[in-house]
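Asks: In this note's numbering, the protein residues as written are 125 to 239.
Keep in mind that the hints were calculated from the coordinates and are not lab data.
Computed beta-carbon distance windows for the label pairs:
id, residue 1, residue 2, range
1, SER239, ASP185, 18 to 24 angstroms
2, LYS210, GLY150, 32 to 38 angstroms
3, GLY132, PRO165, 17 to 23 angstroms
4, ILE152, ASP185, 28 to 34 angstroms
5, SER154, LYS210, 33 to 39 angstroms
The beta-carbon is built from N, C-alpha and C at its ideal position, and this holds for glycine as well.
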Amino acid sequence: QVQLVESGGGLVQAGGSLRLSCAASGTIFSPNAMNWYRQAPGNQRELVAGITTGGSINYADSVKGRFAISRDGAGPTVYLQMNSLKPEDTAVYYCNLFDSRKSYWGQGTQVTVSS
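Construct the complete structure from the given sequences, taking the supplied hints into account.
Replies: Pasting the structure below:
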């Protein structure tokens, strides 16, 4: 079983920055991908950014140039540096790990951007 614990959410003014962290523990198979999703009230959960153990990275168009995902090599911690935050970035952010066998989710962390 894999556990994911997010941290780093909070309240920030528009234009500000936050850094989210997600630490995974348990039996983690490689290769895998660690991803950040977000869900705003009334909206579907959407992929924000993802990074694989091989270093491949992808971003949603809405965050390209503002957010940066990284991980500690092939290790179990992933980060999301969020810059130039906008009110529309307000959502619960979820960490996800997919190892081709199962998909695991964290409990989510709230990010609120005030205008």
